[in-house]
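Based on the provided sequences and hints, a complete structural model is requested.
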Amino acid sequence: MWDGGPGEHPDEGTIHAWLDGALDADSAARVEAHVRDCAACSALTAEARGLIAGSSRVVAALDDVPAGTRPAWAQSGVEGSGAAPAPANDAARADRSLWRRLRVTPARAAIAATIIVAAGLTLTHERAAKESVVTLPAGHSEMRSGERSPMVAAVPPEAQSRKDAALDSAVAKNLSIAQGKPSIEASRSPAIPQAPAPGAAPVESAPVAMAEERVAVGRAAVQALRDTTAPAPDKLRVGREVTGAVAARAADEVAVSAQARKEMSGAAATPSAGAAVAQAYADAGARSCYSLESTQGGAMWGDQPLPLIVVVDSGPAVGTRSATLRSAATGTEVRAAWVRSGKDSVVITLQRVGLAGTIALGPEAGGRAGMATSGGIVASTTASARADGAARARAKSEAPARAPSVVPGTSAGRVPNTAPLPVTLHPVACPAR
Amino acid sequence: MVTPDRLSALFKAYHVPLVRFLTRRLGDRDWAEELAQETFVRALKQDEIASERSWLFAVASNLVRDEARREARQRKRHEVMRAQAEAESSVEPEPTSVERAEDRALARQAIEMLAERDRDALLMREEGLGYEEIAEALGLSVASVGTTLSRARRRLMEAYESLQHERSAERA
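So the protein lines, in turn, are chains A and B. Counting from 1, one number per residue, gives the positions in the first sequence under our numbering. Counting from 434, one number per residue, gives the positions in the second sequence under our numbering.
A hint or two may mislead.
Calculated lysine to any residue pairs in the SDA-like style (CA-CA distance at most 25 Å, straight line) [as the list claims (entries may be wrong)]:
#1 Lys445(B) to Ala60(A)
#2 Lys445(B) to Ala429(A)
#3 Lys478(B) to Asn495(B)
#4 Lys478(B) to Glu569(B)
#5 Lys478(B) to Asp463(B)
#6 Lys445(B) to Ala40(A)
#7 Lys445(B) to Glu565(B)
#8 Lys445(B) to Glu569(B)
#9 Lys445(B) to Ser484(B)
Rather than coming from a laboratory, the hints here were simulated on the basis of the structure.
Below, the structure is given as structure tokens:
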């Protein structure tokens, strides 16, 4: 670094460093004093200021960049050759897929669809919550509406409080009428469904899956903001405007997912089974039954082995209906709320004291696909699940199977938070009442 | 290993600047986002990251280099396509204002004319990285960052002005 000796002039790099504020205080003072008294260096400084400002302007001009192009060095054949990037043109576009030309990648389309479904689902869920009936089997008599599951700790408090109030109120009211022994905590976090690609291949490792999931969540948040609020010409600029709510939400969901995945437990494979009854979807308002299975081998949902038979009581085709989830293996039943949105997504929500669980399912397409997670302290054998935002961000992430830490049938213990568990829902014939 | 919480914080803090850096570097936003994503995935695999921002930008920069090598195999095909495109592009209306599109094209050309290290240093500086971070990311001494940046800025402006003159001459 320039020491400011007599007769010496700072070089251009030092002047740039000075203007960039990268010099220590002593060096900066020496350069400043020299520049003040040296006409040549003063001129050099003025030029450096111009170069800094000019180069910033040129670099900023790069920001107005469309997607789906390739840089000059990739197109011209010589890196750094100075060749201009090929402008948009028919030939270039002919090489791209329709998705590319529309600037809609499959991933973006999936994210956008998820966001749309999520928005509709959230609205529907909030409205429907006022009428929701969530009942539990006998033996769970505590009403601890103030208790918050660890699974939902990261949900934004403002949005959460609205849901809490509506659901707590509805649940308390209905339980007091329908049961003598309420023991449920209102759903605090209706998850947004993500329909994973059927048979999505497991990722190479859990950490990578987690990272991709998180990245995808962030991207979804960014994309949501872009697609809904951004002026079209400069979406990149919008990216800088991603602020608090969206970014925090994404990060929160990431945290929840990470925690859930960390504590995942699972077991053995469950083959897909059950006779499909397509008509069940057409008669959405009638009592209908489904088999909830996992695309992942040996799946457990909380401490319940899949598949679960889901019996949905008759009710509005869109909105909230009561449902019973029965483990085919253990015969244990739990009651839950079945909420179908106008977008044809479904969220099954279950919460007990210290438990939170949601199964989020995408629109029907020869079956429904989605995610389930769960967690909390269990007072007796039960199962619950919750799908968080991170789960919907990347369907292909699958948790490694591990031994469950709670043995079904135990009277007390901790049901680990599960990682987003890919599940599918297929209609089956209803069992006799 | 970088914890998920830490990764979330990293994502929150650096995703936008990293995508911007990569977009400026690559000229394609989708591609930039893909590489940014890959950068964060790699971060998760790290045992420890001492200087997070410089590490992320260094990885991103290396990914760009890797991509460049991979893309080299396809250059010939792109060249043919580009030639076809240029032949046909004269009849296609500009999607945005002419001046804006021209500015962007000139800026892209000018930035591509820089040496890779100069370009990376300049783009990192434009993202707010300090001299120490740039030095760490690019394997330079801190003392040489000022020289690198001054050279990058000068050459960028010279290239840009030269291209502007050429354009003016073509029109005249």
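A quick look at each hint next to the structure:
Distance hint between Lys445(B) and Ala60(A) is fulfilled; the C-alpha atoms sit about 22 Å from each other, no more than 25 Å. For the given pair, Lys445(B) sits about 47 Å from Ala429(A) by alpha-carbon distance, which is inconsistent with the 25 Å threshold. At roughly 16 Å between alpha-carbon atoms, Lys478(B) and Asn495(B) fall within 25 Å of each other, so this suggested pair holds. For the suggested pair Lys478(B) and Glu569(B), the alpha carbons sit about 20 Å apart, so the restraint of at most 25 Å is met.
For the hint pairing Lys478(B) with Asp463(B), the CA-to-CA distance comes to about 23 Å; that is within 25 Å, so the pair holds. Distance hint between Lys445(B) and Ala40(A) is unfulfilled; the C-alpha atoms sit about 45 Å from each other, more than 25 Å. A threshold of 25 Å between alpha carbons decides the hint, and for Lys445(B) with Glu565(B) the separation of about 22 Å falls inside it, so the pair holds. The straight-line distance between the Cα atoms of Lys445(B) and Glu569(B) is roughly 22 Å, inside the 25 Å bound, and the hint therefore holds.
The hinted pair formed by Lys445(B) and Ser484(B) meets the criterion: a straight-line CA distance of about 16 Å does not exceed 25 Å.
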